[in-house]
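**Q** Read off the chains here:
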Amino acid sequence: MEYYLSLIAKSIFIENILLAYFLGMCSFLAISKNIDTSIGLGKAVVFVNTLTVPLNWFILKYLLEKNALYNWTKIEALQGVDLSYLGLLTFIATIAASVQLVEMVIDRYSPSLYNSLGVFLPLITVNCAILGSTIFMRERSYNLVEATVFGFGSGLGFALAIVSMAAIRYKLRYSNIPDGLKGLGITMVLTGLISLAYLAFSGVQL
Amino acid sequence: MNNKKIFQDPLISDNPITRQVLGICSALAVTVKLEQAIVMTFALTFVLCLSNVIVSMIRNFIPNNIRIIVYMTIISSLVAIVDLFLKAYAYDLSKELSVFIALIITNCIVMGRAEAFASKNALYPSFLDGLGNSLGYGAILLIVAFFRELFGFGTILDFQIISSTYNNGLMTMAPGAFVILGLIIWLQRTLTKYVEE
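The listed protein sequences correspond, in order, to chains L and D.
If you're matching positions, the first sequence starts at 1 in my numbering and goes up one per residue.
If you're matching positions, the second sequence starts at 1 in my numbering and goes up one per residue.
For reference, chain L alone in the conformation it holds in the complex (with noise of 0.2 Å):
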């Protein structure tokens, strides 16, 4: 128990995806703008980070490795086929079919959960931060388990760091900044500063 709670510390705190991996940049920057929104962006995330990463933990483990094939058919033909090649074509494909079934299932149980989530469900198939959590699955061979808690440390690691920057944001507007830095170069010279804090942590052992 103890490991799987440093581990959810790690991806959110000291490994964080977007301050210490710079994955999902895109929407961080476009959606940053607004609180409420960034709020809405952060839950879509972590629920779909919580379900692709484990999802594709599955195929990995039963469709694509050596052997895992043969594993659980015992199909002699099967033997020694590694399809481990199509890992990035089959993770993506996972990843949009899944926001897409997650995005029909949502908006037919939970029209209220669904207009909160809005347009960021389909966006979210193009955020690097899915895609990234699923392939440092991949790198680090994790367990079920870990692969679940690290797909949902690593979507609320995403999901401070878009609201606090959204807050920031919300702040600077009254501020009087040059006129080539505002926008995006003002949000960049501020994620380099909130990165700096997050590296405090860098020195936890846990």
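Note that these hints are calculated values from the structure, not bench results.
Glycine residues also receive a C-beta, built at the ideal position from the N, C-alpha and C atoms.
Incorrect hints may have been included.
Derived CB-CB ranges, DEER-like [unchecked claim]:
1. L/Ser-6 with D/Lys-5: 24 to 30 Å
2. L/Tyr-3 with D/Leu-157: 38 to 44 Å
3. L/Tyr-62 with D/Glu-35: 35 to 41 Å
Based on these hints, arrange chain D on the given structure of chain L.
**A** Just chain D now, kept in the frame of chain L:
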């Protein structure tokens, strides 16, 4: 729009990173050293030019509602080619770049140019647009990587410039990347007199 303008605009005035705000993730992540930035530029040029050409060739046959999925399939196949090629011929580099080659799939430049330009224009202009955008992207990458490697390790392309005891961890880590890119955006926007409202 003539071909020359299509090629030239994304280089400076309509640069994908500083102006269109596309593809920021990789611009920050692979700029620790110049060598990585150069490889990334080549990889993106290959993917972007080919995806623009392919999308433009089949633009009249793709049904409108499934176009995103079609683009995704084309792009991820091209990225898989680059990924496997680097693993085979430059294993160390591909380890250093780790997930960021794979993440070209979700690099907004590729998707954005396919949607905004290649799906509406003929083959040759689409190719030029891809080339111009990837070179504009590469230019920013090289500038950021130049400063980060020089001030981080004191080297340029692994040649020692500042004394070998020099070492500035802040530049090689995330905050340095954000601040340097922020300053370059400021410079580019001041030079082109662009103000964001």
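**Q** Work down the list of hints and note, for each, if the structure agrees.
**A** Verification of the hints:
no., hint, verdict
1, L/Ser-6 with D/Lys-5: 24 to 30 Å, "55 Å, violated"
2, L/Tyr-3 with D/Leu-157: 38 to 44 Å, "42 Å, holds"
3, L/Tyr-62 with D/Glu-35: 35 to 41 Å, "38 Å, holds"
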